[in-house]
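Generate coordinates for the entire structure from the input sequences, incorporating the hints supplied.
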Amino acid sequence: MLTLTRTTSDNPDFRNLIVLLDQNLKENDGDEHAFFAQFNKVDSINEVIVAYKDGVAAGCGAIKPYTQTIAEVKRMFVHPDFRRQGIAKSILTALEDWAKELNYSSAILETGVKQSEAIALYKRSGYNVIPNYGQYAGVESSICMQKNLI
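My numbering numbers the first residue of the sequence shown as 158 and each following residue consecutively.
It is possible that part of the hints are untrue.
[Unchecked claim] As a list, the in silico DSS-like pairs of lysine-lysine whose alpha-carbon atoms are at most 27 Å apart:
1. Lys183 x Lys257
2. Lys246 x Lys280
3. Lys280 x Lys183
4. Lys271 x Lys246
5. Lys271 x Lys304
6. Lys246 x Lys221
7. Lys221 x Lys280
[What the hints assert, rightly or not] Beta-carbon label-pair distances, calculated as ranges:
8. Gly283 x Gln180: 14 to 20 Å
9. Thr160 x Pro237: 31 to 37 Å
10. Thr226 x Arg163: 19 to 25 Å
I should point out that these hints are in silico values taken from the structure, not numbers from a laboratory. Glycine included, each C-beta is placed from N, C-alpha and C at the ideal position.
Written as structure tokens, this is what we have:
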């Protein structure tokens, strides 16, 4: 059974999952990893979802304010043992619902161009490619996306 738990970045299961996420990103990003890592600090994220499959932490994701009306999706990850079970889609949907509750009208995110499975998930979920925003502007290995939530 899949259970989605709302928590914060202090959650130990979230912290353990993002260690694995960062290892995975380091492999995929190669020399660019240090650049991206600086934007993935999780010291004080108040809206975190941890997915548990039969009581085991299987995946996570978070949102944080980008502007008053835009939430940024961060730290999406599903443990390799639990992939291809719809967990990432469930986490993303839960994050979007939470963002709507917090009165955000849209969600944005950044992912790497090499993250083809993530890009496919976001496109299937209604996200559209937008010009790279903020710190990702001009970064050719980044792809930024946005979805209207209302």
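Q: Take a look at whether the Cβ-Cβ distance between Gly283 and Gln180 falls inside 14 to 20 Å.
A: 29 Å, violated
Q | Pair hint Lys221 and Lys280, alpha-carbon separation not exceeding 27 Å | A | OK: Lys221 and Lys280 at ~21 Å, within 27 Å.
Q: With respect to the beta-carbon atoms only, verify the hint that Thr226 and Arg163 lie 19 to 25 Å apart.
A: With Cβ atoms ~21 Å apart, the hint holds.
**Q.** Pair hint Lys183 and Lys257, alpha-carbon separation not exceeding 27 Å
**A.** Judged against 27 Å, a Cα distance of about 32 Å means the pair is violated.
Q | Hint consistency between Lys280 and Lys183 [alpha-carbon to alpha-carbon, up to 27 Å] | A | 24 Å, holds
Q. Cβ-Cβ distance between Thr160 and Pro237: within 31 to 37 Å?
A. Because 20 Å falls outside the window, the suggested range is violated.
(Q) Hint check: Lys246 vs Lys221, CA-CA at most 27 Å. Holds or violated? (A) 18 Å, holds
Q. Within 27 Å, alpha carbon to alpha carbon, are Lys271 and Lys304?
A. Holds - the C-alpha atoms of Lys304 and Lys271 are around 21 Å apart, at most 27 Å.
Q | Given hint Lys280 paired with Lys246 - CA-CA distance at most 27 Å | A | Holds: Lys246 and Lys280 sit about 11 Å apart, inside 27 Å.
Q: Take the C-alpha atoms of Lys271 and Lys246, compute the straight-line distance between them, and say whether it is at most 27 Å.
A: 19 Å, holds
Checked against the numbered hints given earlier, this structure breaks hints 1, 8, 9; the rest are met.
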